[in-house]
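Based on the provided sequences and hints, a complete structural model is requested.
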Amino acid sequence: MSSDNVIPFRRPDALSKFATSSSVNRRYGAADAARLSAFEERYGIHFSDRYRSFLMRENGLDYDLSPEGDQTVVDDDRRDRFVLSDINTLFGIGNGHPYYDLEKLAPKMDFHDYDFTPFAHVIGLGGDFCTLVEISGGRYDGHIMYTDGELFSGFREAGIANKSTDEAVDYLVEAGYYSPIASDVCDLIAKYARFI
1 MSSDNVIPFR
11 RPDALSKFAT
21 SSSVNRRYGA
31 ADAARLSAFE
41 ERYGIHFSDR
51 YRSFLMRENG
61 LDYDLSPEGD
71 QTVVDDDRRD
81 RFVLSDINTL
91 FGIGNGHPYY
101 DLEKLAPKMD
111 FHDYDFTPFA
121 HVIGLGGDFC
131 TLVEISGGRY
141 DGHIMYTDGE
151 LFSGFREAGI
161 ANKSTDEAVD
171 YLVEAGYYSP
181 IASDVCDLIA
191 KYARFI
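Counted the way this note's numbering counts, the sequence shown spans residues 1 to 196.
Calculated cross-link-like contacts (lysine-lysine; reagent style BS3-like; alpha-carbon spacing at most 30 Å):
{"hint": "1", "residue 1": "K17", "residue 2": "K104"}
{"hint": "2", "residue 1": "K104", "residue 2": "K191"}
{"hint": "3", "residue 1": "K191", "residue 2": "K17"}
{"hint": "4", "residue 1": "K108", "residue 2": "K163"}
Hints are computed from structural coordinates only; laboratory data are not their basis.
What follows is the structure in structure tokens.
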């Protein structure tokens with residue numbers, strides 16, 4: 001897909017608000033469309049149009065979000081803020097940073113194995129190797145899941161190889177390895193923007 005075909009980010013005000021906030025330590029500019037396609041082909045994955053649009057605008061963010069927030073917020077917002085404050089990086093592709101560039105990290109990411117979950121690609125990283133992954137395919141297509149990094153080794157041999165994407169995601173959610181956090185990357189960024 002060329003950059004001309006990338007759909008506009010659904011909530012550019014949320015991305016601009018978050019990316020330019022004092023919570024963000026580093027921005028990386030725009031990704032190269034050909035590099036994104038080459039990465040997808042190399043690992044047999046597919047970026048959603050919304051995630052591709054994020055990469056074409058920011059190509060990764062390094063940030064800190066305090067887990068503390070307004071104590072009057074509803075429980076879902078409190079849970080989301082706690083989970084999202086655990087993540088401190090949204091990766092880029094070809095941004096040149098030794099720790100925030102998936103071109104450099106993917107070959108050695110033991111905490112995320114594209115062979116184990118070919119229907120999910122990592123988009124962010126936090127403490128204890130917890131990650132954010134974007135699901136490709138099935139009824140969860142485009143959804144962002146938070147993974148519990150401490151559980152990774154126990155699920156590596158989980159027997160999901162013969163399951164459909166939906167069956168595998170359902171199993172990983174039920175078992176506690178995946179936790180749904182956003183309906184897509186636009187929803188994810190909107191949540192971050194709400195918490196700054």
